[in-house]
Structures are given as C-alpha cells and as structure tokens.
Amino acid sequence: MTKQVAVIGGGISGVCTAFFLADAGHDVVLIERHQNVAQESSFASSGLVAPAYASPSAAPGMPRRILSNLFQPETGVLLKPGLNRPLWRWARRWVAECELDRYRINRSRLQRLGLYSQDLVRRLREYYQFDYEQTQGVLQLFRTDKDMKLAEAGISLLAENGIPHQVLDADAARAIEPALASDTPLAGALHFPQDEAGNCPLFARRMKHAAADIGVRFRFGTQVQRIEQESRGLALTLDGERVPVDAVVVAAGADSDRLLQPLGIRLPLYPARQYAATALIRDFEYAPRSAVSDEAYGIEIARLGSRVRISGVTELTGPSPALKERALRTLLRAAGDWFPNAAGYSQATFWSGTRLMLPDSVPLIGPTPVRDVYLNIAHGELGWSMAAGAGKLVADIVSGQATDIDMDGLTMSRYG
Numbered sequence: 001m002t003k004q005v006a007v008i009g010g011g012i013s014g015v016c017t018a019f020f021l022a023d024a025g026h027d028v029v030l031i032e033r034h035q036n037v038a039q040e041s042s043f044a045s046s047g048l049v050a051p052a053y054a055s056p057s058a059a060p061g062m063p064r065r066i067l068s069n070l071f072q073p074e075t076g077v078l079l080k081p082g083l084n085r086p087l088w089r090w091a092r093r094w095v096a097e098c099e100l101d102r103y104r105i106n107r108s109r110l111q112r113l114g115l116y117s118q119d120l121v122r123r124l125r126e127y128y129q130f131d132y133e134q135t136q137g138v139l140q141l142f143r144t145d146k147d148m149k150l151a152e153a154g155i156s157l158l159a160e161n162g163i164p165h166q167v168l169d170a171d172a173a174r175a176i177e178p179a180l181a182s183d184t185p186l187a188g189a190l191h192f193p194q195d196e197a198g199n200c201p202l203f204a205r206r207m208k209h210a211a212a213d214i215g216v217r218f219r220f221g222t223q224v225q226r227i228e229q230e231s232r233g234l235a236l237t238l239d240g241e242r243v244p245v246d247a248v249v250v251a252a253g254a255d256s257d258r259l260l261q262p263l264g265i266r267l268p269l270y271p272a273r274q275y276a277a278t279a280l281i282r283d284f285e286y287a288p289r290s291a292v293s294d295e296a297y298g299i300e301i302a303r304l305g306s307r308v309r310i311s312g313v314t315e316l317t318g319p320s321p322a323l324k325e326r327a328l329r330t331l332l333r334a335a336g337d338w339f340p341n342a343a344g345y346s347q348a349t350f351w352s353g354t355r356l357m358l359p360d361s362v363p364l365i366g367p368t369p370v371r372d373v374y375l376n377i378a379h380g381e382l383g384w385s386m387a388a389g390a391g392k393l394v395a396d397i398v399s400g401q402a403t404d405i406d407m408d409g410l411t412m413s414r415y416g
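Under full-length UniProt numbering, residues 1 to 416 are what the sequence shown spells out, in order.
Hints are computed from structural coordinates only; laboratory data are not their basis.
These numbers come from a predicted model, not from an experiment.
Check before you lean on any hint, since a few could be wrong.
Below 25 Å or equal to it, Euclidean Cα-Cα: the simulated SDA-like pairs (lysine to any residue) are [said to hold, decoys possible]:
| no. | residue 1 | residue 2 |
| --- | --- | --- |
| 1 | Lys146 | His165 |
| 2 | Lys149 | Glu160 |
| 3 | Lys149 | Ser182 |
| 4 | Lys324 | Pro86 |
| 5 | Lys149 | Glu295 |
| 6 | Lys146 | Leu100 |
| 7 | Lys146 | Arg65 |
| 8 | Lys146 | Ala170 |
| 9 | Lys3 | Ala402 |
| 10 | Lys3 | Thr368 |
| 11 | Lys324 | Arg307 |
| 12 | Lys80 | Arg65 |
| 13 | Lys3 | Glu295 |
| 14 | Lys324 | Arg85 |
| 15 | Lys80 | Leu323 |
| 16 | Lys3 | Leu323 |
| 17 | Lys324 | Pro340 |
| 18 | Lys146 | Gln72 |
| 19 | Lys80 | Asp255 |
| 20 | Lys146 | Arg125 |
| 21 | Lys324 | Ile66 |
| 22 | Lys3 | Pro369 |
| 23 | Lys149 | Asn161 |
| 24 | Lys80 | Pro268 |
| 25 | Lys149 | Leu168 |
| 26 | Lys146 | Arg64 |
| 27 | Lys149 | Thr278 |
| 28 | Lys324 | Thr278 |
| 29 | Lys149 | Pro63 |
| 30 | Lys324 | Leu100 |
| 31 | Lys146 | Leu70 |
| 32 | Lys324 | Ser68 |
| 33 | Lys146 | Asn69 |
| 34 | Lys3 | Arg217 |
| 35 | Lys3 | Asp246 |
Beta-carbon label-pair distances, calculated as ranges [as the list claims (entries may be wrong)]:
| no. | residue 1 | residue 2 | range |
| --- | --- | --- | --- |
| 36 | Asp283 | Ala172 | 33 to 41 Å |
| 37 | Glu126 | Lys324 | 35 to 43 Å |
| 38 | Phe71 | Arg122 | 40 to 48 Å |
| 39 | Asp119 | Ala172 | 23 to 31 Å |
| 40 | Asp283 | Pro86 | 24 to 32 Å |
Ideal Cβ positions, reconstructed from N, Cα and C, are used throughout, including at glycine.
Please model the entire structure based on the sequences and the hints provided.
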C-alpha cells in the first residue's frame, strides 16, 4: 500500500531513506532545515565507507586510555570533568559497553549493517555510474605495541566472522601507503582491502538527484517544530503549517531528540561534537593513496580528489560555539606525523558539528512505540558506513516487507 511518508533530515541517512522509500512505491517528501542535503554531520564526514574497520567507541581498554590522555596536549577525546549529570549517566552506560562480551556483540552488529550497506553503495554506484572521489582500502595504523595489544579483541572478531583483513608489520604497511613518514613510529597496521573512502556530501547530492528522478519531493529551508498524533494518523508542524502524513521517519541527526521527547520517546542519547579539517594537496607524491586511521588519536585521514580530509576528536564538554584549539591541534598533529609534505595544513579549513551518540555506538533503526513513527538515527561518526543499509531497512519496514538482514540489536527493542 502506498503511503505518504515524510523523512525529517537531509543528511546522508535521510537522503538514502527517502530514495529507498520512493523506490518501494511510496509518496515521499524529505524535509530539511538547510538549503541542500548533507549540510551538517554529513558535510565533513571522514569519508569512510568501512564496515570492516568500523568499531564501537566503547571498547576494552578505552576508559583507561581516555583518562590517561585527559591532560595531554593532543587527544582524541575532549572531556571536561565536572558536574554534568546527563554526561555521567551516559558515561556509566558507555563504560558498561566496554566489557569484552558487549564489545563483541556491538561490533558484530555494526559489521552486519555496514557490510549490507557497503554492498548497496556498490550497486548504486554501478547502476547510476556515480563518481564521488572514491578510493579503495583502509589502513589502520598502530604507533606502539600497546596500541596493537588493545586491538586484539577486534582482530579476533574479524577472523571469527571471516571479515577480509591483513595484519601487517611496519614495512608492509608502508608498501601499501608509500607516503607514510618514515620517522613516525609505526609498530604495525591492519589493512581492510574491501573498505572504501569517498566524498560523502558529493554522494548525497548524487542520491538527491536519483531520488528526485523517482518522485521524492524536497522541502529545503523548512523547520519541523513537532510531530503530533491524530485520530487518523500523524501531522507535522512546519514553520507554522500543519501537514498530515501517513508515516514519519526521523533522521534529523542532532535535532532528533527534540522531536522524539514530546512523543514520550526517551533514549540514552548524548550530543557529541566532532571535528574535521580539509586541506588542498600540494604534492600528490606525498599524499595518501586512499585512507588511513591513527589508532592513538582516533583520527581518520582520507584522500578526496585533490584534498585531504582529516577527521576525528570527540568533544564531550557540553555545547559551545567556539572551535577548540586542542581539537584542531590534534587533527593537524596526526596529519603532519603521517603525511607532513602532502598538503598545506596551515591553510586548512575547519569544521565541527554535533552528532548523537548511544553508549553502544549502534544506530537505532525501525519502529517506535508511537504508531507510524520510525527511526534512523544515532549513527555517530559511522554515518556513511551505515546510511544506505539503514535507509533500505527502514523502507522495507515501513512497506511491511521482510528485511534483507537480521534486525536483532538494531531497533529500540534493545532498550526494553
């Protein structure tokens, strides 16, 4: 049965959701408060479409690592100790997810969704002949033997699940990425040959045009004030205008919690700020061939055409409009350590944005206790790795169709 479905949010997840809903035969409108798609969290994505590499932030050894780096000049997590009760409530649940058994469950869920999503991205790319500055392969770098030791649980899980990967020594890693600086300590690496990187906003714009071609309507510059239940369904209030719909998919990123709480939907979400820098390549010989990650700082460095994207650093210090110098310094430290001559880092442009995080890092997809209200939220920094798959799953659920993969652990039911 055809439904009138409103998708709230024009990030990569919302655009993919709208596309697959329209492909399933529904009448779809995507509502976005900005003037185009991919203007918030998706705008300066790490660029990784990397399910094999994807890992929850809650992992064995992570609480100790964060505390030990709390007062270091460069760090992957900015945390301001103080009386922030919502943060500490969230952090207690996050620490519980760092236990080995929980980590294994959460990473398996991410990989199940990510591998499905990666396959859909490839199909879309081949069918539409999309070009989005994509490259092949992701290299995870470990500066010390201690860093490699902390990764053992994840490496074991990769082997158990048959995920393609290679454990490399320093020489083998540098053979894959010859531009890696020789004077930066490198204990070893993990190579994920089937993972990818690319320009997420460019892919989102390609998907917008594909969605429009199959009937998706876009309302840009429009703010959704609230979602309300009516006797015959749902209604949205849009800048004072009341619009009835059959179903709503909330994919509004950091704004999602504001829309869900009045409906009685309360989830263990916390807004975390993420940072990115983009610099023009000045010498391609010294630039990365594809994408690498620095495990010590949690920084991803990806080649996007003629630019280098450096992303990472999670700020949990509360809302603030100012860019944190410490975060920017960490981004440039990682890029300068590994590819010092690749780009003009002193002229880099910086970005920060807010993403909703769950303690287990696994997104929420599918129905809610409110009839005809669906979720596609809380992808954290893994948004593009999960977006196509999450969008297709939501479209199948709204259509009453069986999903292609098991939904266990991906829905609200995991919170009772």
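Outcome of the hint check:
no.	hint	verdict
1	Lys146 with His165	holds (20 Å)
2	Lys149 with Glu160	holds (18 Å)
3	Lys149 with Ser182	holds (22 Å)
4	Lys324 with Pro86	holds (21 Å)
5	Lys149 with Glu295	holds (12 Å)
6	Lys146 with Leu100	holds (17 Å)
7	Lys146 with Arg65	holds (11 Å)
8	Lys146 with Ala170	holds (15 Å)
9	Lys3 with Ala402	holds (17 Å)
10	Lys3 with Thr368	holds (17 Å)
11	Lys324 with Arg307	holds (23 Å)
12	Lys80 with Arg65	holds (15 Å)
13	Lys3 with Glu295	violated (45 Å)
14	Lys324 with Arg85	holds (22 Å)
15	Lys80 with Leu323	holds (15 Å)
16	Lys3 with Leu323	violated (43 Å)
17	Lys324 with Pro340	holds (22 Å)
18	Lys146 with Gln72	holds (18 Å)
19	Lys80 with Asp255	holds (23 Å)
20	Lys146 with Arg125	violated (39 Å)
21	Lys324 with Ile66	holds (17 Å)
22	Lys3 with Pro369	holds (19 Å)
23	Lys149 with Asn161	holds (20 Å)
24	Lys80 with Pro268	holds (20 Å)
25	Lys149 with Leu168	holds (14 Å)
26	Lys146 with Arg64	holds (13 Å)
27	Lys149 with Thr278	violated (31 Å)
28	Lys324 with Thr278	holds (16 Å)
29	Lys149 with Pro63	holds (15 Å)
30	Lys324 with Leu100	violated (32 Å)
31	Lys146 with Leu70	holds (18 Å)
32	Lys324 with Ser68	holds (20 Å)
33	Lys146 with Asn69	holds (14 Å)
34	Lys3 with Arg217	holds (14 Å)
35	Lys3 with Asp246	holds (6 Å)
36	Asp283 with Ala172: 33 to 41 Å	violated (24 Å)
37	Glu126 with Lys324: 35 to 43 Å	holds (41 Å)
38	Phe71 with Arg122: 40 to 48 Å	holds (44 Å)
39	Asp119 with Ala172: 23 to 31 Å	holds (28 Å)
40	Asp283 with Pro86: 24 to 32 Å	violated (46 Å)
Comparing the model with each numbered hint stated earlier shows that hints 13, 16, 20, 27, 30, 36, 40 do not hold.
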